[in-house]
Amino acid sequence: MSAKRKGVTRRDFLRDAALATGVAALAGSSSLAFAQAAGKGPEPKLGGQLIGKLEGPELILDPAKWPKKFSEAPMLAELVKAGKLPPVDQRVPAEPLVIKPVHSIGRYGGTWRRGFTGPGDSENGNRIVSADKLLFWEYTGTKVMPSVARQWLLADDGKSVTLYLRKGHKWSDGKPFTADDFVFWYEDVYLNKELVPTPHPDFMINGKSGVIKKVDGTTVLFEFPEPNYLFLDILAGSTAMGGGQALWQMDGRTMGAYMPAHYIKQFHPKYSSKDEVDRKAKAAGFDGWIAYIKNRWDWRLNPELPVLTPWKTVTPINNPTWAMERNPYFYEVDTAGNQLPYIDRLQMTLAENLEVLNLRAIGGQYDLQERHTAMTKLPVFLENRDKIGYDVRLDPALNGSDATLQTNQAYDADPEVAKWLHTADFRRALSMGIDRDQLNETFWLGIGVPGSTAPSETTPYNPGPEWRKKWSTLDVKQANALLDKVGLSKKDGEGYRLRADGKGRLRIELLTSAGAFIPHAQIAEMIKEQWKKIGIQADVKEVERSLYFTRIRGNEHQIAIWANDGTELLYLFPRHGLPVDPAEAHLGHPIAAWYASGGKQGKKPEDPQLLKALELFRTANGQKLPERIKIAQEIFKIMVDGQYSIGTVGQSPATMGVRIVSRKMGNIPSRQINAQHCRTPGTSQPSTFYFKA
Amino acid sequence: MLAYLVGRLILAILTIWAISVLSFVIIQLPPGDYITSYIAQMSASGGFVSEQEVEALRREYGLDQPMWIQYLRWMKLVMQGRFGMALEWKRPVSEVIGDRLWLTMVVSVAAIILTWALALPIGIYSAVRQYSAGDYAATLVGFIGLAIPSFMLALVLMYLGFTLFGANIGGLFSDEFVEAPWSLAKAWDLAKHLPLPALILGLAGTAQLIRIMRANLLDELRKPYVVTARARGLAEHRVILKYPVRVALNPFASTVGYLLPYVVSGSIIVSLVLSLPTVGPLLLKALVAQDMFLAGTIVLLLGVMTVIGTFVSDLLLMWIDPRIRFESRK
Numbered sequence: 001m002s003a004k005r006k007g008v009t010r011r012d013f014l015r016d017a018a019l020a021t022g023v024a025a026l027a028g029s030s031s032l033a034f035a036q037a038a039g040k041g042p043e044p045k046l047g048g049q050l051i052g053k054l055e056g057p058e059l060i061l062d063p064a065k066w067p068k069k070f071s072e073a074p075m076l077a078e079l080v081k082a083g084k085l086p087p088v089d090q091r092v093p094a095e096p097l098v099i100k101p102v103h104s105i106g107r108y109g110g111t112w113r114r115g116f117t118g119p120g121d122s123e124n125g126n127r128i129v130s131a132d133k134l135l136f137w138e139y140t141g142t143k144v145m146p147s148v149a150r151q152w153l154l155a156d157d158g159k160s161v162t163l164y165l166r167k168g169h170k171w172s173d174g175k176p177f178t179a180d181d182f183v184f185w186y187e188d189v190y191l192n193k194e195l196v197p198t199p200h201p202d203f204m205i206n207g208k209s210g211v212i213k214k215v216d217g218t219t220v221l222f223e224f225p226e227p228n229y230l231f232l233d234i235l236a237g238s239t240a241m242g243g244g245q246a247l248w249q250m251d252g253r254t255m256g257a258y259m260p261a262h263y264i265k266q267f268h269p270k271y272s273s274k275d276e277v278d279r280k281a282k283a284a285g286f287d288g289w290i291a292y293i294k295n296r297w298d299w300r301l302n303p304e305l306p307v308l309t310p311w312k313t314v315t316p317i318n319n320p321t322w323a324m325e326r327n328p329y330f331y332e333v334d335t336a337g338n339q340l341p342y343i344d345r346l347q348m349t350l351a352e353n354l355e356v357l358n359l360r361a362i363g364g365q366y367d368l369q370e371r372h373t374a375m376t377k378l379p380v381f382l383e384n385r386d387k388i389g390y391d392v393r394l395d396p397a398l399n400g401s402d403a404t405l406q407t408n409q410a411y412d413a414d415p416e417v418a419k420w421l422h423t424a425d426f427r428r429a430l431s432m433g434i435d436r437d438q439l440n441e442t443f444w445l446g447i448g449v450p451g452s453t454a455p456s457e458t459t460p461y462n463p464g465p466e467w468r469k470k471w472s473t474l475d476v477k478q479a480n481a482l483l484d485k486v487g488l489s490k491k492d493g494e495g496y497r498l499r500a501d502g503k504g505r506l507r508i509e510l511l512t513s514a515g516a517f518i519p520h521a522q523i524a525e526m527i528k529e530q531w532k533k534i535g536i537q538a539d540v541k542e543v544e545r546s547l548y549f550t551r552i553r554g555n556e557h558q559i560a561i562w563a564n565d566g567t568e569l570l571y572l573f574p575r576h577g578l579p580v581d582p583a584e585a586h587l588g589h590p591i592a593a594w595y596a597s598g599g600k601q602g603k604k605p606e607d608p609q610l611l612k613a614l615e616l617f618r619t620a621n622g623q624k625l626p627e628r629i630k631i632a633q634e635i636f637k638i639m640v641d642g643q644y645s646i647g648t649v650g651q652s653p654a655t656m657g658v659r660i661v662s663r664k665m666g667n668i669p670s671r672q673i674n675a676q677h678c679r680t681p682g683t684s685q686p687s688t689f690y691f692k693a
Numbered sequence: 001m002l003a004y005l006v007g008r009l010i011l012a013i014l015t016i017w018a019i020s021v022l023s024f025v026i027i028q029l030p031p032g033d034y035i036t037s038y039i040a041q042m043s044a045s046g047g048f049v050s051e052q053e054v055e056a057l058r059r060e061y062g063l064d065q066p067m068w069i070q071y072l073r074w075m076k077l078v079m080q081g082r083f084g085m086a087l088e089w090k091r092p093v094s095e096v097i098g099d100r101l102w103l104t105m106v107v108s109v110a111a112i113i114l115t116w117a118l119a120l121p122i123g124i125y126s127a128v129r130q131y132s133a134g135d136y137a138a139t140l141v142g143f144i145g146l147a148i149p150s151f152m153l154a155l156v157l158m159y160l161g162f163t164l165f166g167a168n169i170g171g172l173f174s175d176e177f178v179e180a181p182w183s184l185a186k187a188w189d190l191a192k193h194l195p196l197p198a199l200i201l202g203l204a205g206t207a208q209l210i211r212i213m214r215a216n217l218l219d220e221l222r223k224p225y226v227v228t229a230r231a232r233g234l235a236e237h238r239v240i241l242k243y244p245v246r247v248a249l250n251p252f253a254s255t256v257g258y259l260l261p262y263v264v265s266g267s268i269i270v271s272l273v274l275s276l277p278t279v280g281p282l283l284l285k286a287l288v289a290q291d292m293f294l295a296g297t298i299v300l301l302l303g304v305m306t307v308i309g310t311f312v313s314d315l316l317l318m319w320i321d322p323r324i325r326f327e328s329r330k
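Protein chains in written order, with our numbering: chain A, 1 to 693; chain B, 1 to 330.
Any given hint could be a false lead.
[Stated by the list, open to error] Below are the BS3-like pairs computed for lysine-lysine, each with C-alpha atoms no more than 30 Å apart in a straight line:
no.: 1; chain 1: A; residue 1: Lys100; chain 2: A; residue 2: Lys159
no.: 2; chain 1: B; residue 1: Lys192; chain 2: A; residue 2: Lys387
no.: 3; chain 1: A; residue 1: Lys274; chain 2: B; residue 2: Lys76
no.: 4; chain 1: A; residue 1: Lys630; chain 2: A; residue 2: Lys604
no.: 5; chain 1: B; residue 1: Lys76; chain 2: A; residue 2: Lys280
no.: 6; chain 1: B; residue 1: Lys192; chain 2: A; residue 2: Lys377
no.: 7; chain 1: A; residue 1: Lys282; chain 2: B; residue 2: Lys192
no.: 8; chain 1: A; residue 1: Lys143; chain 2: A; residue 2: Lys193
no.: 9; chain 1: A; residue 1: Lys470; chain 2: A; residue 2: Lys491
no.: 10; chain 1: A; residue 1: Lys477; chain 2: A; residue 2: Lys533
[Said to hold, decoys possible] Sample of chain A residues facing chain B (criterion: CB under 8 Å; computed from the structure):
no.: 11; residue: Pro176
no.: 12; residue: Ser209
no.: 13; residue: Ala291
no.: 14; residue: Pro320
no.: 15; residue: Glu355
[Stated by the list, open to error] Calculated Cβ distances over 10 Å to all of chain A for the following chain B residues:
no.: 16; residue: Leu29
no.: 17; residue: Val128
no.: 18; residue: Leu153
Think of the hints as simulated: they come from the structure by calculation, not from any bench. We put the CB at the ideal spot given by N, CA and C, even for glycine.
Using the sequences and the accompanying hints, generate a full structural model.
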């Protein structure tokens, strides 16, 4: 009970802090709506007051409304004057992407200061420069819009997608960007077995690969042997085919659908010889050409690499500072004809640890930071905002549960435990034994939404509001009744249930990973306390992150805790909702291997309902949108009813949704979509952010 | 004497070799390898890695080979002074460690000097003025220093620094100097950032040394030779400083051996908290990412430092303590 009280006092404290600084004025209808959505009646929560109105920049797609004349940043104008750069109208494509900024036309200049945690923190930068994706999502996260590609055409039979590029679009070194850059990537990288050993699922339909063809200089065709209606979403999503150069050509990755052919060719054996490129690699200190070419196309490591992003690396990520500078050939302009981005430089400084990063954020050493800024620090963030001059904004995510108890449906090490994990009523009882309100107050400051793993009601795949609470509210009585019914009625002296095979107390292991955005281990400890009331003994095991994944790949876990982020658009990122991806399958690695290999490897699930969900998922890619929506809803119904993944609290800003925004910055949406496929803050178009003075 | 030194030197080299084998083996012990942690990282950013790609990556990094081949590969690189590639940093290990090693030395030496500068006089004072008010005060402060975990002290001081003085948080340099080439201005910037970490790192050790110094000196002060010296009318400061203090210094000299590596490895958490660009946080990250070349090199360096330190402390002891000198002559 003490934890409950603690939650309330913290909320009181938060409210006081907010009142003291006058933010109560911000509490509008949105917070009320949010509180109601949370199912907590009309009492407005402070967190709700920090959640603004969803807004974002608008695209001007009608050429008649485009600006006729272009202007540019002073630092580029100087270069033009000095003859080092062609004038701006020769650098911007004849068909630019015209953006109406969310609030106003900005002004040029300034350095955007941020913090990062080292070479593993690429996401920190590539989410900001993700305007190099072929297609993208509108700021609402629900509609596909143009990006690098000006326009697209999905064939009626679903067997091809045509992309139309922008006339006059150039790489950051001034060389033309054309369909040949796609052909080069497809033929010389994707089909090269040494670089890409197996075809990628994102570019396949029912196990069959697609192809890329050049139609003319600015038209590219993606063709498939079977209907692939999902492919547009894949191109717009955070996927291997649509993620763009910045996300998929770094860290040894080989995907991304296009590449600066004119630059990369010099490192590829096809265009000279293997000896020649190996010699180059050795001279640069690499073991061979493969390692070298992967380094050369890594935008974070190689400042010479031509890119399409708004900023390009000048000081590589493996330094104490990761710095980027504007791309003089960037393809976006605002409605007044100013070439974007507004901000000259991005500078990230290395923080060896997250406490320092958070303290620096509080100290005003960052201009805009939504990554690594922890929700648990919210009271301190609020306390200092007026002194330092920043605002705190919360961006709730759309996924159902930030701490999801993923039961291993292929577990077999302990037959007794396996039997219970594979029993639906057992899982339902576990779920009903969790007091989600207590978790919400303690770890989510009361601003999360308790319930199942179903995504937000605002997303198309949500199966209906009744599925939020299905088996997912505290009901100790019913949980106990279910456990008695399935055959776990015997208890020991301390009230814990005994195993049916007579080997003592039934113990369930909760595996958590250290270093996640959300304190999973502490959450697990609280669930452990709550389960005492239903007589279930849990053992919380926190392990280092890579060991956590090793265990899951080894099928060693009983229940693992992880967020189910990405499931709001199930087809683009299913791995936290369904066991379909062997790279990460909390619900059972052997099942994912079975699914991915078409039954050749792994283990077929025994549960008929789970099997049905997987079969449904397999048919979805070839279906048009309305059918796909129905299938996804059906899958969520099966998954929630079976409680394979037990949801706790979600739709919260806990993962990358706590934004610290300097008051000097303009065009910052008061709320932005926080989702994997939107590359947050990507859909808010960081190229339109600016410094007011 | 020379034979003694040569013998020690040969032993040192053998020890270093043993350390290199051990460090490599220990780093390989936990399940998984760099590719596992690479996949973990990839998963977090929404990436996909197929089983075949995992195999190809293992081949590319040479992780598919038996451990002893990997060890020989690494040793070959070490002999060439290259230490291999830091997998996560995608840069040669020597480059990644480069500046950090010197900064570590600077911080460590500053901490050691501070420790000694505080511990010696205070220790002498509290021994000579045993049970005086000053002795109690020093003891109290010492115990507080010993009792507070240094990472907590670091956090508290950093927070106070921020709220009271608006000081720069963490790190050894101001933003504008992080990437700047070495200059007088940069060195001055470093000097300005140095006292806080040196104080935090030094404080725990100071308390310990005060106690040791006090106890040792008390022992010595009661010995007949001191009584004799005093009876002969020698000035009090000479009575104390000439011999008793010198003998009591023994523990200072004999700890030099592990002081160096201790300040490097024992300071990992403080360096993390203060975000110091030293070797400590690098080692922790390398271990977490199972970046064996980087972690191995750092552990090896720590080993070498211990060996060198022990060697130095042997020499120091011989110089301070005549009894040891006589022993080695036998």
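Do the hints match the structure? See the list:
At roughly 34 Å between alpha-carbon atoms, Lys100(A) and Lys159(A) are farther apart than 30 Å, so this suggested pair is violated. Proposed proximity of Lys192(B) and Lys387(A) is supported: the alpha carbons are some 25 Å apart, at most 30 Å. A C-alpha spacing of about 25 Å is found between Lys274(A) and Lys76(B), which places the hinted pair at or below 30 Å, so the restraint holds. With a CA separation close to 25 Å, the supplied pair Lys630(A) and Lys604(A) stays within the 30 Å bound.
Distance restraint check for Lys76(B) and Lys280(A): the Cα-Cα separation of roughly 22 Å lies within the 30 Å cut-off, and the hinted pair is therefore satisfied. Distance restraint check for Lys192(B) and Lys377(A): the Cα-Cα separation of roughly 29 Å lies within the 30 Å cut-off, and the hinted pair is therefore satisfied. Distance check on the hinted pair: Lys282(A) and Lys192(B) sit about 42 Å apart at the alpha-carbon level, beyond 30 Å; violated. Pair hint Lys143(A) plus Lys193(A) does not hold up; C-alpha atoms about 35 Å apart against a cutoff of 30 Å.
For the hint pairing Lys470(A) with Lys491(A), the CA-to-CA distance comes to about 28 Å; that is within 30 Å, so the pair holds. As the CA atoms of Lys477(A) and Lys533(A) are separated by approximately 9 Å, the hinted pair is consistent with the 30 Å bound. Checking Pro176(A) against chain B: minimum C-beta separation of about 30 Å lies over 8 Å; hint violated. A cut of 8 Å between beta carbons decides the hint on Ser209(A): the least distance to chain B is about 13 Å, and the hint is violated.
Hint status for Ala291(A): holds, given a least beta-carbon distance of 6 Å to chain B, under 8 Å. Because the smallest distance between the Cβ of Pro320(A) and any Cβ of chain B comes to about 5 Å, under 8 Å, the interface hint for this residue holds. Taking 8 Å as the C-beta cut-off, the interface hint given for Glu355(A) holds, the closest approach to chain B being about 6 Å. The Cβ of Leu29(B) sits about 12 Å from the closest Cβ of chain A, beyond the 10 Å cut-off, so the non-interface label holds.
With a least CB separation of 42 Å from chain A, Val128(B) remains clear of the 10 Å interface cut-off, as annotated. Every C-beta of chain A lies more than 10 Å from that of Leu153(B), the closest at about 14 Å, which supports listing it as non-interface.
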